[in-house]
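A.B. asks: Spelled out, the chains give:
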Amino acid sequence: MPTTIDIENAKQIRQPMDVLITMQVPDDDITLSFSGYTSTSKVSDGRLTQPTWPMRRLADLQGDGFALSGSYALYESLTPSATNGKLGVRGHVGQTVNLTVTGSQQMAGLTLLVTGASAVTYNGYSHEVTSGRVSFLVGATTASLTLTPASEDTRIEISEVQTGADITINNDNLISCVLSLRSDLSVENPTLPESEMNIEAYFDEDVSDAVASIPEDTPIYYRAGYDSNLSPVRSFYVAGQVTWADNVLSIHAVDAVHFLDIEVPPMYIAATNENDPYILMRNVHRILTNMGLVSSATPWNLPWLFPSGANKEAVLIPKGTTVRDIVAEMTNVFRFRDIPQIYLESYPSRNSLIFTYVDAGIPKLNMVEGYVGRYDVSEEDCADIKKEIERPIKEITYKRNVVTVYNGRPGENRSRNDGVQVGSAQILKNDAVFISLDDYVFACFIGEESSIVYPGGSYKYEPMVPMYDTRAGADGRVAWPDFLSGSIFNTPHGWALLSADTKNGELVDSTITEDLPIFSQVVPWNVRYPAAESSLYRWTSLTHLWNYLVSRGIIASDASYYDTKLIGYKLNIEEAEVTASTDVNGGRSVDLSGVLQGRSFFYKDNEATGEEAFPTYGLQEMLKRSNVTGSFTWKGDPRMQPRDIIHFHRLDGTVEDVTIETITLKHEGGGTTAEITYRKGVI
Amino acid sequence: MIGIFNSITINGVEIYRSNGFTLSREWIYAGEIVTCTGKVCADVIGWRYSNLQLQWDNLPQDQLQALLALDGTEVNAVFTNEQNQTVTEAVIPIVSTATVTRLTDPQGDVAWSGVGLELRFINAHND
Chain A
759 MPTTIDIENA
769 KQIRQPMDVL
779 ITMQVPDDDI
789 TLSFSGYTST
799 SKVSDGRLTQ
809 PTWPMRRLAD
819 LQGDGFALSG
829 SYALYESLTP
839 SATNGKLGVR
849 GHVGQTVNLT
859 VTGSQQMAGL
869 TLLVTGASAV
879 TYNGYSHEVT
889 SGRVSFLVGA
899 TTASLTLTPA
909 SEDTRIEISE
919 VQTGADITIN
929 NDNLISCVLS
939 LRSDLSVENP
949 TLPESEMNIE
959 AYFDEDVSDA
969 VASIPEDTPI
979 YYRAGYDSNL
989 SPVRSFYVAG
999 QVTWADNVLS
1009 IHAVDAVHFL
1019 DIEVPPMYIA
1029 ATNENDPYIL
1039 MRNVHRILTN
1049 MGLVSSATPW
1059 NLPWLFPSGA
1069 NKEAVLIPKG
1079 TTVRDIVAEM
1089 TNVFRFRDIP
1099 QIYLESYPSR
1109 NSLIFTYVDA
1119 GIPKLNMVEG
1129 YVGRYDVSEE
1139 DCADIKKEIE
1149 RPIKEITYKR
1159 NVVTVYNGRP
1169 GENRSRNDGV
1179 QVGSAQILKN
1189 DAVFISLDDY
1199 VFACFIGEES
1209 SIVYPGGSYK
1219 YEPMVPMYDT
1229 RAGADGRVAW
1239 PDFLSGSIFN
1249 TPHGWALLSA
1259 DTKNGELVDS
1269 TITEDLPIFS
1279 QVVPWNVRYP
1289 AAESSLYRWT
1299 SLTHLWNYLV
1309 SRGIIASDAS
1319 YYDTKLIGYK
1329 LNIEEAEVTA
1339 STDVNGGRSV
1349 DLSGVLQGRS
1359 FFYKDNEATG
1369 EEAFPTYGLQ
1379 EMLKRSNVTG
1389 SFTWKGDPRM
1399 QPRDIIHFHR
1409 LDGTVEDVTI
1419 ETITLKHEGG
1429 GTTAEITYRK
1439 GVI
Chain B
10 MIGIFNSITI
20 NGVEIYRSNG
30 FTLSREWIYA
40 GEIVTCTGKV
50 CADVIGWRYS
60 NLQLQWDNLP
70 QDQLQALLAL
80 DGTEVNAVFT
90 NEQNQTVTEA
100 VIPIVSTATV
110 TRLTDPQGDV
120 AWSGVGLELR
130 FINAHND
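Going line by line, the protein sequences match chains A and B. End of the first sequence = 1441 in our numbering, gap-free, step of one. End of the second sequence = 136 in our numbering, gap-free, step of one.
Calculated from the structure, these hints are not laboratory results. The structure presented is a predicted model; accordingly, all values stated were derived computationally and were not measured. For glycine and all other residues, C-beta sits at the position ideal for the given N, C-alpha and C.
With a straight-line cut-off of 25 Å between C-alpha atoms, the simulated BS3-like cross-links for lysine-lysine are:
hint	chain 1	residue 1	chain 2	residue 2
1	A	K1145	B	K48
2	A	K1424	B	K48
3	A	K769	A	K1144
4	A	K1144	B	K48
5	A	K1438	A	K1144
6	A	K1382	A	K1152
7	A	K769	A	K1424
8	A	K1438	A	K1145
9	A	K1438	A	K1152
10	A	K769	B	K48
11	A	K1122	A	K1438
12	A	K1382	A	K1122
Here are the computed distance ranges between Cβ atoms for each label pair:
hint	chain 1	residue 1	chain 2	residue 2	range
13	A	T879	B	L77	39 to 47 Å
14	B	T82	A	T860	45 to 53 Å
15	B	T82	A	L1409	47 to 55 Å
16	A	T854	B	T106	51 to 59 Å
17	B	C45	A	S934	22 to 30 Å
18	A	E946	B	I131	52 to 60 Å
19	B	T82	A	P812	57 to 65 Å
20	A	S862	B	E35	55 to 63 Å
21	B	E35	A	D1142	20 to 28 Å
22	B	E35	A	L1409	27 to 35 Å
23	A	D1142	B	G55	22 to 30 Å
24	B	T82	A	T780	37 to 45 Å
25	B	E41	A	D786	42 to 50 Å
26	A	S986	B	G55	17 to 25 Å
Some chain A residues well away from chain B (every beta-carbon gap over 12 Å; in silico):
hint	residue
27	M759
28	T789
29	L790
30	P809
31	G890
32	T906
33	D911
34	R981
35	E1153
36	T1337
Using the sequences plus the hints, can you model the full thing?
C.D. replies: The following block contains the structure:
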């Protein structure tokens, strides 16, 4: 059923859209005091900052009226409290009420909850009360207010005064609002671009003092459309200083993508067991979600990107990588609308990972394709129509880095006192380990071919220097101090943190510091604690720990000793390539480089053909992207956002499906237009 | 006394309504685009009165002086609209006809013929 926006957009001359922008201006830790109301109020106790206290009924004498005994209690006589309620400030019927609000520091704005009033006048300007609420900017430590009754029969009742205010911008004061919503559908190393909104609005009153205190990242919400058919709320965040000049308020706001500019500590995540690629994917997922990515996919239903039997997979996150980098790359190689057949055959219940975009901001990671808007646009309604055709791409080469770690693994001659072994074996044969700093991986392990490998350590150690070299005790077991506080176990049951205080030899709950930023977030998800214990497992003795590890199958019950070594080695990163190509004549080749280096996205599901799932499959998907792009100017629809699909009805009667790459939606002079760029096809 | 239906007040001076006093409205558009097929798509954000041509057969001396006093700045015009409502609109005179002829009636009262004026309406409405 067509909506109002659809109906209006079908018209050549349409009704103007409503634009509704609200921004919440916060005030923190300001104590309010009230005065000036006694002369104009009929009854009051000045309790206006107790939101949980009910407003006592004014005519309530005792119970719901006179008691049979004729007794009654004066409302004034009750002490205001959460039980007795409060009086707030109540005026005489049909008369104005004055109120002076004084803050302990400058107040950016005030919000009043009031009934029976039509408007609040502050500093000569009247602010309408709607739905029992009025909000306005102040920018001063003292505000003298005059409340006007809604009619001569109503009584003004102020129940609450809060600091902070909403700035509302709508068609009445909007000069212009330009939204630039962006995605990047290019083939060559697409980025995760930032969307922005620029607003100019006219205000009669001088709000310069109030807006000067608006901090960056203050949320600002945008909607547009028609009554009962407004677009979804788009969330933006104030960037830079809100300015006020010549009665014009200028706001620059951006979407949430910048929150993903968080650097991920360099990290090496390896997986070797049958199901470990799944664990590997869970770890990548966890990194992203811990750093702010929205996800509807739980760690438990992530896809098995690697069929059973895959092994030797790893992820390397180099120094300087941000979550935004990872998302941009994963968007590139993971966004499949067609689920790879090889997965469906093997794991029909598991789909692929799809990034969908919310508010043109932080993408949301979904197991299945999320909502994608689909719209019909006729070419005959568009202006400035342009079409560009690039040279087709015939080949995509993905530059990956193969990570090897020099040595570190004890050779055949494995003993408690072995030092660093030099040889060709890679360190991480048995299980996953990661602790990294810069381009170095610090690894530790126990025993030979054991099922436990654990890292640990502190950044205070220099790279290339063994971080810890234990000497076993007489019983062949490691002495207490040799376990480092914060050691991480990657057990078959998940990651576990060993908390130890090496100073006194007793295991205690350690404080996780910023030295281990990832672990501090990862651990609570994964540690398997006995329920009766505290949040961190506390081993009371070495024997206790030993028994725990044996009971969990982490170490063999007949093991007589184990070595612990924490060794740091420089990574050797070798560049390798995987290529996907088509038979497009005359096409060009492009090179891509990834930030999630290593072999995590590579799996040879067919040894004979050498076919690889990732990123080859991703590259093949990207090769399907059309080399046809275009742009046009249209009347605009505020519901659209990048990556939505347009059924473009061409003048020749054909219908072309295109994917929106960017939209510049302009609300200016009361009218709305949109400049849209697209890439042909459904991406 | 000039009646409300046969007069127009310009800049506070009551003047006879001219011949062919025809009010018409025009839409105000925003977000206007000319499509590839030449079609104009736009949002209609309001209306205003179209330019109004005023032409008098005869105009008394004092009323002509009131018109001559207009210096091109914005003034108010009060008149009866098409719904028989008295409205006040901000206008600016944009064209005046200067080929006037002086007439004197037998009582010696001076009138002028050939006086013309075109008004442009400033106010926009969205009702």
